[in-house]
Amino acid sequence: MFPPVSTVPTGPGAAAVPLELHEDRCFDPDPAIRRVARALYEETRPLPLICPHGHVEASLLAENRPFPEPAALIITPDHYIFRLLYSQGISLEALGIPTRSGAVGKRDPRRIWRLFAAHYFKFRGTPTGAWLDYELYHVFGVRVQLNADTAEHVYEHISERLASPEYLPRALFERFRIEVLTTTDAAADGLEHHRALRASGWQGTVLPCFRPDALFRIARPEWLRELARLEAVCGSPIRDYGAFGAALVARREYFRGLGATSTDHGVEEPRTERLPDEEADALLQRAIRGEASAADQQRFEAHMLMEMARLSVADGLVMQLHAGALRDHNEPIRERYGPDKGADIPVATEYTRNLRPLLNAYGNDPRFRLVLFTLDEATYARELAPLAGHYPALRLGPAWWFNDSIEGMRRFRQRTTETASIYNTAGQPVGDHPPRQVVAHHVIDLEDARPMARALAYELAKETYRLPAGDRPLQSGGGT
Amino acid sequence: MFPPVSTVPTGPGAAAVPLELHEDRCFDPDPAIRRVARALYEETRPLPLICPHGHVEASLLAENRPFPEPAALIITPDHYIFRLLYSQGISLEALGIPTRSGAVGKRDPRRIWRLFAAHYFKFRGTPTGAWLDYELYHVFGVRVQLNADTAEHVYEHISERLASPEYLPRALFERFRIEVLTTTDAAADGLEHHRALRASGWQGTVLPCFRPDALFRIARPEWLRELARLEAVCGSPIRDYGAFGAALVARREYFRGLGATSTDHGVEEPRTERLPDEEADALLQRAIRGEASAADQQRFEAHMLMEMARLSVADGLVMQLHAGALRDHNEPIRERYGPDKGADIPVATEYTRNLRPLLNAYGNDPRFRLVLFTLDEATYARELAPLAGHYPALRLGPAWWFNDSIEGMRRFRQRTTETASIYNTAGQPVGDHPPRQVVAHHVIDLEDARPMARALAYELAKETYRLPAGDRPLQSGGGT
Amino acid sequence: MFPPVSTVPTGPGAAAVPLELHEDRCFDPDPAIRRVARALYEETRPLPLICPHGHVEASLLAENRPFPEPAALIITPDHYIFRLLYSQGISLEALGIPTRSGAVGKRDPRRIWRLFAAHYFKFRGTPTGAWLDYELYHVFGVRVQLNADTAEHVYEHISERLASPEYLPRALFERFRIEVLTTTDAAADGLEHHRALRASGWQGTVLPCFRPDALFRIARPEWLRELARLEAVCGSPIRDYGAFGAALVARREYFRGLGATSTDHGVEEPRTERLPDEEADALLQRAIRGEASAADQQRFEAHMLMEMARLSVADGLVMQLHAGALRDHNEPIRERYGPDKGADIPVATEYTRNLRPLLNAYGNDPRFRLVLFTLDEATYARELAPLAGHYPALRLGPAWWFNDSIEGMRRFRQRTTETASIYNTAGQPVGDHPPRQVVAHHVIDLEDARPMARALAYELAKETYRLPAGDRPLQSGGGT
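Protein chains in written order, with the working numbering: chain A, 1 to 480; chain B, 1 to 480; chain C, 1 to 480.
Because the hints were derived from the structure by calculation, they are not lab data.
Among the hints, a few may not be true.
As the list makes no split between identical chains, a pair holds if one copy fits it or if it spans any two.
[Stated by the list, open to error] Computed cross-link-like contacts, SDA-like style, restricted to lysine to any residue with a CA-CA straight-line distance of at most 20 Å: (1) Lys-341 to Arg-353; (2) Lys-341 to Pro-357; (3) Lys-341 to Ala-361; (4) Lys-341 to Asn-360; (5) Lys-341 to Ala-246; (6) Lys-106 to Glu-174; (7) Lys-341 to Arg-410; (8) Lys-106 to Glu-93; (9) Lys-341 to Thr-44; (10) Lys-106 to Cys-234; (11) Lys-341 to Pro-392; (12) Lys-106 to Pro-221; (13) Lys-341 to Asp-365; (14) Lys-106 to Ile-75; (15) Lys-341 to Asn-364; (16) Lys-106 to His-79; (17) Lys-341 to His-79; (18) Lys-341 to Pro-66; (19) Lys-106 to Asp-296; (20) Lys-341 to Arg-225; (21) Lys-341 to Pro-46; (22) Lys-106 to Ala-72; (23) Lys-341 to Arg-107.
Construct all of the structure, not just a fragment, from the sequences and the given hints.
See below:
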């Protein structure tokens, strides 16, 4: 993507091993499959990137300031990286992760980087390792393998790059040919950075996504603060369920006004159940008094998923559901460092019975769209593909989180394509396997696979998320 | 199978793309595996088809009338097809599925066919798509790809074929070289069509299978009607559990008299538990009064599975158990169109603890045989293969329903062969993978794989289902 | 491993088929993958075997007597073999398995062997079949395929070999180049054979492993006998929880004194929960009175896992947890023949919530190490890899029991490597797949795969189990 840069070090790392990415990287070793894969890849490669779900901050692009130094850019904020280092006995302090109390002093970023580099070989065979090699090579032009000896050199090299205008956030956005990037934003977020982006005249499309989870977790100690934020942004008190619902409607409208096409919801268990309004109100009252229990929250969340679906029918926002992560499994780590420190662990998840009330109520409605994500692969073939292969409102989101890897994506497609067809999935922005495999087995031919590959890489994401100018119908390819 | 027929359209579909099925279709792209696969396939290909479980109506062969026009033959009765079209936003009315009230008028079959053809590309990568291409090419001699442009032509072509004597049900049965075909029949069914078939002098072997599920679902509103049917066919009132049991014994005997070798049972959860007779009688009394609850039904079903096993020990009928489908998940669809409209969704299923009472009571008895089917692949390696690799009575049925596909069959064999051995499975009438793979890995050699392939394609199905003339012992192949 | 021996029979088995093991046995048929696999295999092949978990009796090596005749050596004690024969309708009596009452007379070993040989073809495609072929060929030098015709000849051949000094247990131990072999021993075991081995002057390293399960199953009828054994070996009465705990500490110390580096724990469900000491004592008192219920046992086991972890922090013994087998599923078989007759069946197992108390209490402690084993593959990617990829104390044990097979090992690596990295696993002593695959896909290169293969075959097992002289840090390979 970026022009290669000669960076063979001449100092202490002179004996360093060159970093080379094989031209057949990630391609199947079988020549028949590889030939098909290459053909499909060449055709989909020039397509722009559609990124309908992510965690990039809008402020990054609104402010367009240079990225921080390499350790703060690559290591400290990435739980995929620090969780593995932590599992291998390296303390989070040593990696520069601040404690909640702020008691631990700041770390020298170069020391953090060297520690990372010395253990970098432990990422071999992981998607993080594969992506980092790609990033070092293609984005930063590094040409030596990262290890203890080359750490300093690579650090310097990346730092230099980050200082140049070509590495400013907007410049990278454009070079990566991102057509749409969607952020994730709390319901009470004022979306100032999104407003600033629109006002700036910059042409990149960055859309907000409405994520009200925190408002539905009524048993959490921080819930009252979340409610206060909602009251503040709405400018009026919220003391009953009617006002709560009206505020959510208003916020959705506000998000839509800034281009949002979707909402996002994260739950441990995807229960759905409609409660009478009086009961929802009683739960809310208990929460306002600080008395809501875990069971109360579970019922409230189940009800609010029904409500969010109902509102989606009305306002057209695509509803995303991410289920199955037990958050902050490691209590001592959460107490010391706060939430989101690489200790979210999946649990077995049930969809068939849990989603029945919601799908029975809204799943047949052409105005509704629900995109499902799971961390429990056992549900791919057993529950998700059959559900998506029946309900018109349902699409399967791509392999998520721990499963967003070469093997994980392959398993996702092998277990969902036959029952759901690729056309009931939201695509997968990165390269995909099933067309290659079926073509190589001659079940479909290459001509037919071409529009499938294009759909997976581009069209399905746009169509699923109702993104601007995504109204071109899917092409059937050869023969039509 | 059928001689190819030149059918290149000269009308509007003139620009149509030829339909060709590659000679290596479904074969592994790896030459080493493909070579083995070809050798095994050539040997098993001439074997007749053993079809011990299916849903073909005996009336079809008894009456031997021409099949209806293409839409009524291929689309309207096939939930694999209309579920996927429905999931893509096409209404069931538009596909000619009648509502329960009959309020919706009849559809022009050609319009249905055109709609199907226009969306046919969405079946790419699904087993339905693979089978349809096969059927169009080999059974009907179609030589153009089906799409919106060729819809009319293909419709005409199939219609013509269906009008010829070669496409009558019995003619196809013979051409397909079906050695045995088993139907599925309600316990109270008089089996008139089976009697007619026997009386007709036609040589094809068509056997009934005893499926009494409807009589065990005592909480369903239609249960009393089912009981009345049983009373009618038995010619005496059934007012207590003793009479109920006697009626079932009599019906099994009647089915056996018409050649049945098996029974079939479908449950959501495979619970098994013997109740005292008085308790079974109390449940039946409640059902007769129309007062049985869902919990009552669950206990009654668990008990009746034990009873069915007990009777199988006595009369030798092979017991099949299909577990794990939540039927008619989509309530609005069920209300409008009735049951079985493509909305059956699997649930996680437990076998180890659930089947323990039944297997402890009958699983060591050489007279008993139980064939297990699952929709929950997570149980293949974890529960089913270990159970089948121990209990003499147990055989694993082939990959079922959503899993009856190329990837699904492969997963079934990869997860069951090592622990259960292929000899504790009922085979898989269509081509099978594990011998090819292990041969290509040189764990067994081609000579040893030959009898395995033959067992999988033919002998195991006959032996498992105790089919006529199936008493030849399995061959061990090379060296004996 | 052993020099091939010409053993073509000239008698009745003259027409026998030669037994040959292909030089590419178990290697991938794809030439690109095979080339990598061969390179890695050649490098790891000379490494000694590390066997940190097993069920070889120390007495075998302490006494170093000749092995018994082939049937008693190979068939009667191996539930992998007799379970499959039993599943195919062969009675356990016919295989020489004694009943508990001893009522059934002794069987002629040659008759048992012939029965086994006649059904040997049913093991094709199973790991047992693959291993047996290997053992016959490489260990015993057999050069004809085993079947009904060659049974007698092979029996004679093996018998002769077993009579020679080269086939004594210690001689085989040395030829197999076993560096460490760990046995499994009850907590109350006096370890006399381990003492004898140390006293013998023989150089082989054989270590005990502390397995106190029987003492925690307080609802079992045999529990009081186990407690009495513990009292006897400790030389003092154990009448309260304090004394019970002290006895366990003393036994661990005794095991450590004889070289133990690990403990082992088997549970059906891996629940962990710390109870107040008074409650643990109350449970123990109920057990002493013979009144403990199944629920009592479950709570006691959950508590004792916490205690075992606490003691491991203190004494450094590596804790192993094997979860998920429902033991002796076949009650009639257990009643007639006793436990462990091939009827242990896995159940779905939950780790994320069950292990949370234990991991929260000890999982962040660098002194603690827990090695997890599962029979439920659905947990590999969903629960185990995420847990091992976070908690420093956790390592994943290799694919276990039914999954300890070619396909099973492949699935283990495909589902754990990406999230946990190979460095959070305990390796797998036999050949391993992931490096080959990723190398063939060019995600990592061969130079980098070399230290990974070595780690998997040797170093990780030594490091995980804190085995003697295992303190060499893992190598990162190329470039450092």
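Verification of the supplied hints:
Taking the shortest Cα distances, Lys-341 and Arg-353 sit within 20 Å of each other only across copies (18 Å), while inside one copy they are farther apart (32 Å). Within a single copy, Lys-341 and Pro-357 get their C-alpha atoms only as close as 34 Å, which misses the 20 Å cut-off; across copies the closest is 18 Å, which meets it. Taking identical chains as interchangeable, the C-alpha atoms of Lys-341 and Ala-361 lie at most 20 Å apart only when they sit on different chains, with a minimum of 17 Å there against 37 Å within one chain. Only between protomers do Lys-341 and Asn-360 lie at most 20 Å apart by alpha-carbon distance; the minimum there is 14 Å, versus 37 Å within a single protomer.
Taking the closest pair of Cα atoms, Lys-341 and Ala-246 never come within 20 Å of each other, the shortest separation being 35 Å inside a single copy and 38 Å across copies. With identical chains, the CA atoms of Lys-106 and Glu-174 are never at most 20 Å apart, being 34 Å at best within one copy and 55 Å at best between copies. In this assembly of identical chains, Lys-341 and Arg-410 lie within 20 Å of each other by CA distance neither inside one copy nor across copies; the values are 28 Å within and 30 Å between. In this homomeric assembly, Lys-106 and Glu-93 come within 20 Å of each other (Cα to Cα) only inside a single copy, at 9 Å, whereas the closest approach across copies is 67 Å.
Taking CA atoms no more than 20 Å apart as the test, Lys-341 paired with Thr-44 passes in neither setting, with 36 Å inside one copy and 37 Å between copies. Taking the closest pair of Cα atoms, Lys-106 and Cys-234 never come within 20 Å of each other, the shortest separation being 38 Å inside a single copy and 53 Å across copies. Proximity of Lys-341 and Pro-392 under a CA criterion of 20 Å is satisfied inter-copy only: 14 Å between copies versus 37 Å inside one chain copy. For the homomeric pair Lys-106 and Pro-221, neither the shortest alpha-carbon distance inside one copy (29 Å) nor that between copies (60 Å) is at most 20 Å.
When the C-alpha separation of Lys-341 and Asp-365 is checked against a cutoff of 20 Å, the pair qualifies only between copies, where the shortest distance is 17 Å, while the shortest distance within a copy is 39 Å. For the homomeric pair Lys-106 and Ile-75, the shortest alpha-carbon distance inside one copy (14 Å) is at most 20 Å, but the shortest distance between copies (64 Å) is not. In the homo-oligomer, the alpha carbons of Lys-341 and Asn-364 lie at most 20 Å apart only across protomers (13 Å), although the nearest pairing inside one protomer, at 39 Å, exceeds that limit. Proximity of Lys-106 and His-79 under a CA criterion of 20 Å is satisfied intra-copy only: 19 Å inside one chain copy versus 59 Å between copies.
Taking identical chains as interchangeable, the C-alpha atoms of Lys-341 and His-79 lie at most 20 Å apart only when both belong to the same chain, with a minimum of 6 Å there against 45 Å between chains. Taking CA atoms no more than 20 Å apart as the test, Lys-341 paired with Pro-66 passes in neither setting, with 25 Å inside one copy and 57 Å between copies. When the C-alpha separation of Lys-106 and Asp-296 is checked against a cutoff of 20 Å, the pair qualifies neither within a copy, at 41 Å, nor between copies, at 50 Å. With identical chains, the CA atoms of Lys-341 and Arg-225 are never at most 20 Å apart, being 22 Å at best within one copy and 48 Å at best between copies.
When the C-alpha separation of Lys-341 and Pro-46 is checked against a cutoff of 20 Å, the pair qualifies neither within a copy, at 36 Å, nor between copies, at 42 Å. For the identical chains of this complex, Lys-106 and Ala-72 are intra-copy neighbours only, at 12 Å inside a copy versus 67 Å across copies, given an alpha-carbon limit of 20 Å. Taking the closest pair of Cα atoms, Lys-341 and Arg-107 come within 20 Å of each other only inside a single copy of the chain (18 Å); across copies the shortest separation is 59 Å, beyond that limit.
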